[in-house]
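Visitor: Build the full structure now, drawing on both the sequences and the hints.
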Amino acid sequence: MLTAAASASTPVIPDPDDMSTAVGSLSPLTNPREPSPSRNYPVLSGDVALKSRLKVPSDDRDFRPCTSSNFSPPSSSSSSSSTNSSSSTNSSSSTNSSSSTNSSSSTNSSSSTNSSSFNSSSTNSSSSTNSSSSTNSSSSTNSSSSTNSSSSTNSSSSTNSSSRIVRKLGSMEQCIAHCNDRGVGDIVYALHLRSKVPVDDWIMEEALKQLMLRVQNLRLAIRQDVNKEYYFVEMQKQKIKFRSLGVAAWQDVFEDMLRTEYNAETGPLWQSRLLKMAPEEEFELQNGRIYHGYVLLLGFHHAITDGTSNAQFCTIFLEILNGLLNGTPLPTKSLELGNDLFSLVDPEHIKFNWSSPKAYVDVAKDAIKYGFYERSLYLERYPPKKVEELNEVRSRICTRELPPNFTAALLRRCKEERVTVSGAFTAASALAMHRLITKGNKTYDATQPTSFSIHHAVNLRRYFKQQAPETCGCYFNFFDDHITVEPYIGHFWRMAGDAAERIRTNVESGKALKKQRNLDFIFGYLYDIDRYAAFRSRVNSTQCEFSTSNLGALDRSFSGAGSPVEVVKVFRCTAMHFLPCLFTWFFQTFRGKFLVLLEYYTNFCSKEQAEEFIDLTMQALHEGMAVPTTRSSPKP
Numbered sequence: 007m008l009t010a011a012a013s014a015s016t017p018v019i020p021d022p023d024d025m026s027t028a029v030g031s032l033s034p035l036t037n038p039r040e041p042s043p044s045r046n047y048p049v050l051s052g053d054v055a056l057k058s059r060l061k062v063p064s065d066d067r068d069f070r071p072c073t074s075s076n077f078s079p080p081s082s083s084s085s086s087s088s089t090n091s092s093s094s095t096n097s098s099s100s101t102n103s104s105s106s107t108n109s110s111s112s113t114n115s116s117s118s119t120n121s122s123s124f125n126s127s128s129t130n131s132s133s134s135t136n137s138s139s140s141t142n143s144s145s146s147t148n149s150s151s152s153t154n155s156s157s158s159t160n161s162s163s164s165t166n167s168s169s170r171i172v173r174k175l176g177s178m179e180q181c182i183a184h185c186n187d188r189g190v191g192d193i194v195y196a197l198h199l200r201s202k203v204p205v206d207d208w209i210m211e212e213a214l215k216q217l218m219l220r221v222q223n224l225r226l227a228i229r230q231d232v233n234k235e236y237y238f239v240e241m242q243k244q245k246i247k248f249r250s251l252g253v254a255a256w257q258d259v260f261e262d263m264l265r266t267e268y269n270a271e272t273g274p275l276w277q278s279r280l281l282k283m284a285p286e287e288e289f290e291l292q293n294g295r296i297y298h299g300y301v302l303l304l305g306f307h308h309a310i311t312d313g314t315s316n317a318q319f320c321t322i323f324l325e326i327l328n329g330l331l332n333g334t335p336l337p338t339k340s341l342e343l344g345n346d347l348f349s350l351v352d353p354e355h356i357k358f359n360w361s362s363p364k365a366y367v368d369v370a371k372d373a374i375k376y377g378f379y380e381r382s383l384y385l386e387r388y389p390p391k392k393v394e395e396l397n398e399v400r401s402r403i404c405t406r407e408l409p410p411n412f413t414a415a416l417l418r419r420c421k422e423e424r425v426t427v428s429g430a431f432t433a434a435s436a437l438a439m440h441r442l443i444t445k446g447n448k449t450y451d452a453t454q455p456t457s458f459s460i461h462h463a464v465n466l467r468r469y470f471k472q473q474a475p476e477t478c479g480c481y482f483n484f485f486d487d488h489i490t491v492e493p494y495i496g497h498f499w500r501m502a503g504d505a506a507e508r509i510r511t512n513v514e515s516g517k518a519l520k521k522q523r524n525l526d527f528i529f530g531y532l533y534d535i536d537r538y539a540a541f542r543s544r545v546n547s548t549q550c551e552f553s554t555s556n557l558g559a560l561d562r563s564f565s566g567a568g569s570p571v572e573v574v575k576v577f578r579c580t581a582m583h584f585l586p587c588l589f590t591w592f593f594q595t596f597r598g599k600f601l602v603l604l605e606y607y608t609n610f611c612s613k614e615q616a617e618e619f620i621d622l623t624m625q626a627l628h629e630g631m632a633v634p635t636t637r638s639s640p641k642p
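Residue numbers (the numbering used here): 7 to 642.
Calculated from the structure, these hints are not laboratory results. Each residue gets a CB set at the ideal place from its N, CA and C atoms; glycine is no exception. Treat the hints with care, as some may be off.
Straight-line distance between alpha carbons at most 25 Å, and here's what the computed SDA-like set of lysine to any residue pairs gives [said to hold, decoys possible]:
(1) K357 / D487
(2) K575 / R510
(3) K339 / D352
(4) K392 / R188
(5) K243 / R170
(6) K391 / E614
(7) K234 / D534
(8) K371 / I356
(9) K521 / R424
(10) K517 / F348
(11) K517 / K575
(12) K599 / A567
(13) K247 / R400
(14) K521 / R510
(15) K517 / F358
(16) K599 / K357
(17) K575 / P204
(18) K202 / P410
(19) K517 / Q549
(20) K471 / W360
(21) K575 / T426
(22) K247 / Q318
(23) K575 / R200
Now the in silico label distances, taken between C-beta atoms and shown as ranges [as the list claims (entries may be wrong)]:
(24) E386 / S565: 44 to 50 Å
(25) Q472 / D561: 33 to 39 Å
(26) A452 / T635: 24 to 30 Å
(27) T635 / P335: 22 to 28 Å
(28) P363 / P410: 48 to 54 Å
(29) P410 / V633: 17 to 23 Å
(30) S457 / A567: 40 to 46 Å
(31) N447 / R510: 30 to 36 Å
(32) S340 / I296: 20 to 26 Å
(33) Q625 / L532: 40 to 46 Å
(34) S515 / N332: 45 to 51 Å
(35) R537 / R424: 45 to 51 Å
(36) T338 / S565: 15 to 21 Å
(37) K364 / D262: 40 to 46 Å
Guide: Pasting the structure below:
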């Protein structure tokens with residue numbers, strides 16, 4: 007049973023895998039669901055922590071280090087046997103371990119498999135919790151192999167031990183967790199890989215296992231204690247979800263992953279899909295040599311990570327993958343989940359001014375905006391179709407990439423005009439929205455300025471009491487803003503400057519952090535978070551025209567460089583259907599290119615409308631670049 011020491015201050019969290027747990031005391035965040043047969047849950051062996059040890063099932067090899075001398079794929083005979091091309095292995099192991107803060111642990115284990123035994127080496131790891139445990143475990147693994155350009159492996163392990171309680175969920179993490187019950191808030195990354203050598207599925211799977219062993223966030227589940235409080239705990243069954251799908255359209259798989267309802271109670275809270283590029287899409291060297299092309303899709307529950315954390319995950323993963331392929335030592339860096347947001351930020355940023363009427367007005371405005379009053383000029387012009395079934399609502403994507411020469415010119419121009427890329431892109435997007443609304447609208451004066459409500463995402467680590475830019479977890483929020491569009495393209499850079507200045511002012515004032523403080527009060531005392539999430543899923547309206555999420559120069563935190571495998575493009579998105587936003591932009595510069603993803607929602611608009619919006623935005627950006635370099639352009 008998953009328990010902590012019996013004390014009044016320590017939460018008691020029922021273990022869903024322990025059949026002795028009273029049903030009445032178990033209140034899972036999500037209903038327990040059995041994994042579908044098509045999903046893969048490979049087992050992670052306990053003795054591979056930080057030691058690149060790979061299980062190679064054959065007669066004379068079991069666990070072997072991943073080095074150039076003995077790193078080899080599983081033999082074909084080990085993946086199929088007896089009937090139905092499946093094999094089963096029964097093994098039992100006994101493990102004694104102890105850990106303490108900033109200390110090392112030594113693990114001795116022995117197992118018996120097909121009348122052969124071996125002793126594993128000791129493993130050193132660090133722990134942030136003072137604990138000691140004795141573990142008896144047995145595992146049963148069923149594996150099957152298929153040669154039909156897709157691979158799947160189902161495996162699991164059962165451990166009668168105490169899973170470590172990490173910490174209580176913060177308010178934003180709880181909100182995200184409830185949203186995920188309805189398939190909202192999933193993060194998906196598309197890493198476009200270019201490799202000099204073929205990458206087998208089992209190597210990719212092993213790299214993901216090794217990543218999980220090094221990143222605590224990827225080993226987490228979310229459970230309730232008997233007092234209905236939510237806690238992060240480390241998974242008792244360490245497993246990954248991985249599938250190789252062969253040649254497929256990555257955008258389709260990407261969109262499918264945006265509607266994942268994770269089983270937060272058991273974990274894992276992330277997943278992966280590997281796609282092979284078609285021969286005509288693979289990369290070519292200048293001398294005619296062909297690179298092998300892959301797309302690795304990574305999906306995450308937003309409560310455990312954000313864009314800044316994902317960049318660190320991707321960096322470690324690429325180092326592991328290239329280490330496995332080259333037979334070189336794997337990285338030893340490990341990451342742990344940071345503390346909850348409000349324990350890290352400076353109290354001055356979230357202090358409520360009880361004597362200021364404006365502070366009360368701001369809370370009232372947020373309560374009204376998030377509950378009742380919503381108005382979209384776009385939806386007034388293009389009323390959305392009626393959605394009969396909630397499960398029909400999806401987040402969909404459109405992508406564009408600007409070539410290196412245009413990206414470099416855009417960065418130079420923004421520097422000359424003393425504006426940010428976010429300001430320029432916000433101006434282009436607002437101008438495109440204005441053109442959409444006024445197109446063919448005889449009742450609307452297209453020459454008049456128009457104000458749009460918008461949102462911007464902010465990295466909240468800037469408000470921490472101590473500088474900790476690499477803290478892993480979910481530390482972001484949006485703040486409300488607006489932009490006034492002047493239809494004359496000659497005023498493009500003035501609009502961009504105004505947008506950049508508003509973003510800077512709101513960031514410096516901590517508006518996004520204060521908004522999170524207000525939402526804590528709203529969802530703590532005014533709206534029940536679960537009922538609000540259900541309410542939002544049935545409201546076919548929005549309070550803003552578009553949101554932006556800009557990771558800036560992603561190369562600074564994740565270079566993508568490596569050999570034989572490198573990452574040449576990154577697209578990312580967070581599922582936000584049912585939330586009060588019409589479109590959401592995700593953009594960044596990466597390896598010389600400006601990469602843009604537009605997310606739209608099927609209860610608001612069609613793919614054709616979204617494609618028109620993204621094309622008009624790119625057009626406005628190009629038109630803005632053609633405006634003569636000056637701080638103010640005269641009106642004709």
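Visitor: So, for every hint listed, does it hold in this structure?
Guide: Evaluation of the provided hints:
1. K357 / D487: holds (21 Å)
2. K575 / R510: violated (28 Å)
3. K339 / D352: Given that 25 Å is the threshold and the Cα spacing comes to 28 Å, the pair is violated.
4. K392 / R188: holds (19 Å)
5. K243 / R170: holds (12 Å)
6. K391 / E614: Given pair K391, E614 holds - Cα atoms ~14 Å apart, limit 25 Å.
7. K234 / D534: Given pair K234, D534 holds - Cα atoms ~14 Å apart, limit 25 Å.
8. K371 / I356: OK: K371 and I356 at ~17 Å, within 25 Å.
9. K521 / R424: violated (28 Å)
10. K517 / F348: Holds, because 15 Å separates the two Cα atoms, which is no more than 25 Å.
11. K517 / K575: violated (32 Å)
12. K599 / A567: Holds, at about 14 Å.
13. K247 / R400: Holds: K247 and R400 sit about 22 Å apart, inside 25 Å.
14. K521 / R510: OK: K521 and R510 at ~16 Å, within 25 Å.
15. K517 / F358: holds (12 Å)
16. K599 / K357: violated (41 Å)
17. K575 / P204: Judged against 25 Å, a Cα distance of about 19 Å means the pair holds.
18. K202 / P410: OK: K202 and P410 at ~23 Å, within 25 Å.
19. K517 / Q549: The given pair, whose Cα atoms are some 18 Å apart, holds under the 25 Å limit.
20. K471 / W360: Holds: K471 and W360 sit about 23 Å apart, inside 25 Å.
21. K575 / T426: With a Cα-Cα distance of about 22 Å, the restraint between K575 and T426 holds, given a limit of 25 Å.
22. K247 / Q318: Between K247 and Q318 the Cα gap is close to 20 Å, so the pair holds against 25 Å.
23. K575 / R200: holds (9 Å)
24. E386 / S565: 44 to 50 Å: At roughly 45 Å between Cβ atoms, S565 and E386 fall inside 44 to 50 Å, so the hint holds.
25. Q472 / D561: 33 to 39 Å: Check failed, 26 Å falls outside 33 to 39 Å.
26. A452 / T635: 24 to 30 Å: This hint holds: roughly 27 Å between Cβ atoms.
27. T635 / P335: 22 to 28 Å: Violated, since T635 and P335 (Cβ atoms, about 51 Å apart) do not stay within the stated range.
28. P363 / P410: 48 to 54 Å: holds (52 Å)
29. P410 / V633: 17 to 23 Å: Taking Cβ atoms as reference, P410 and V633 lie about 22 Å apart, which means the hint holds.
30. S457 / A567: 40 to 46 Å: holds (43 Å)
31. N447 / R510: 30 to 36 Å: holds (33 Å)
32. S340 / I296: 20 to 26 Å: Violated, since S340 and I296 (Cβ atoms, about 36 Å apart) do not stay within the stated range.
33. Q625 / L532: 40 to 46 Å: holds (43 Å)
34. S515 / N332: 45 to 51 Å: holds (49 Å)
35. R537 / R424: 45 to 51 Å: holds (47 Å)
36. T338 / S565: 15 to 21 Å: Once the Cβ atoms are compared, 19 Å apart, the range 15 to 21 Å for S565 and T338 holds.
37. K364 / D262: 40 to 46 Å: holds (45 Å)
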